[in-house]
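Participant: In order, the protein sequences belong to chains A and B. Take 1 as the starting number for the first sequence in the UniProt record's numbering and just add one per residue. Take 1 as the starting number for the second sequence in the UniProt record's numbering and just add one per residue.
Everything labelled a hint here was simulated from the structure, so no lab data went into it. As the structure is a computational prediction, the values presented were derived from the model and not from experiment. Be careful, since some hints might not be right.
[To be verified] Computed footprint of chain A on chain B, listed as stretches where at least three residues anywhere in the stretch have a Cβ under 8 angstroms from a Cβ of chain A:
#1 65-72
#2 156-166
#3 179-186
#4 191-200
All C-beta atoms, glycine included, are put in the ideal place defined by N, C-alpha and C.
Single-letter residue listing:
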Amino acid sequence: MYELFKNLGDWLVSGEQWTGPDGIGHRLAEHLQYSLLATLVATAIALPLGLLIGHTGRGAFLAINLVSFGRALPTVGLVVLVFLASGLSMWPVYVALVALAVPSIVTNTYAGMTAVDPDVKDAARGQGMRWHQVLFQVELPLALPLIMTGLRLALIQVVATATIAAYVSFGGLGRYVFDGLAQRDLVQVLGGAVLVALVAVVLDLALSGVQRVLFRHRPA
Amino acid sequence: MTIDWSWIGDHTDDLTTLTLSHLQAALSAVLLGLLISLPLAVVAHRIRPLRGVLLGLSNVLFTIPSIAVFVLLLPVSGLTRTTTVVGLTIYTLVVLLRNTVEGLDSVPAKTKEAAKAMGTRPLRTLLTVELPLALPVIMAGVRIATVMSISLVSVATYIGDGGLGQLFTDGFQRNFPTPVIVGVVLTLLLALVADSLLVAVQYVLTPWKRRRA
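Extracted from the complex, chain A is given alone in its bound form:
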């Protein structure tokens, strides 16, 4: 066990491991690209949907069931399925990652919106606010903590799952996991896993930092 960790340390800090097209620097950039783009697309789809469902109260059934469907959908199967349908392209990876992220963002946004006190919304309307003012100036700021929780959850899942890109022969940190697996090189697998976990933790901390900044401006 000690030997393994020592080798892992050597693997992580060795200079040659960090450079070149197979280097950690490049793989890290790829992994970030897949994860951030997928999360961005998922947010662009899921956030308006969650806000709409929460604001109008319609489609709640959809919001609640979408998440259990999303959790049950086997990502490996989805990747392979889209791969067989579309051929060798980045489509399978992005489709799978977006499908993974959308449900948790929709449901958390919806949950945040429904948690807003109806009296507050009534008061806003009573003051003559239009529906979009109520939505953006009252409901959205109050729902923000739960929305951010949903985003953070989605991002963690996407970063961990972006590993799968390597399965359909693309890059990212999953390369080390799958190549290491094929070569029975445990140090490489472990290195890949550690890096993925690190990326997820750092991004999660960054988002929670953003959240804190957003809250500072929230009127008490």
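Model the placement of chain B on the given structure of chain A, informed by the hints.
Facilitator: Relative to chain A, chain B alone:
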């Protein structure tokens, strides 16, 4: 992408075996996860400083890709069912631990004080007052963990297990969509049925929730 229906007809026995093996892996993981997370949650609930440590640790475990967890267990437990189940259990811990702690937190302090005032000992309070009242939140966690495990079993296909996930590898290697589609549909059905059953179990276990309605 067309479905080859005759392939499905020819492979019903295999499909049954894979489905059962899939279910067995997922359910073992959830049961094992419950056995581990219940005592840990009680500790996290009672001893505040440990709470952050335990919940933080489980969150970090969640960020490690499942494929890596399975592979890392290989030197310990080899290409066996144990590796699959232990790997899945690690994932269930995140949800189960958090929900069980939240469930215990949600029990009103007054209720616990009342039990104490009536001379109920701590362990008995935990078993007959706190856990039953925390049950709805705990069950919500069990449902999430179950559905998540059922979906995750497929990942173990990379280490030669994985129940219905083997259909994905098979379809991928032969460039043949039918097993992949069948695998996805069966996984979704399995999750749906398991989730519905858990709703029924919760209904039976929480009679006081029904009387109010």
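Participant: Now, for every hint given, state plainly whether the structure supports it.
Facilitator: Cross-check of the supplied hints:
no.: 1; hint: 65-72; verdict: holds (count 7)
no.: 2; hint: 156-166; verdict: holds (count 4)
no.: 3; hint: 179-186; verdict: holds (count 4)
no.: 4; hint: 191-200; verdict: holds (count 3)
The structure meets every hint from the earlier list without exception.
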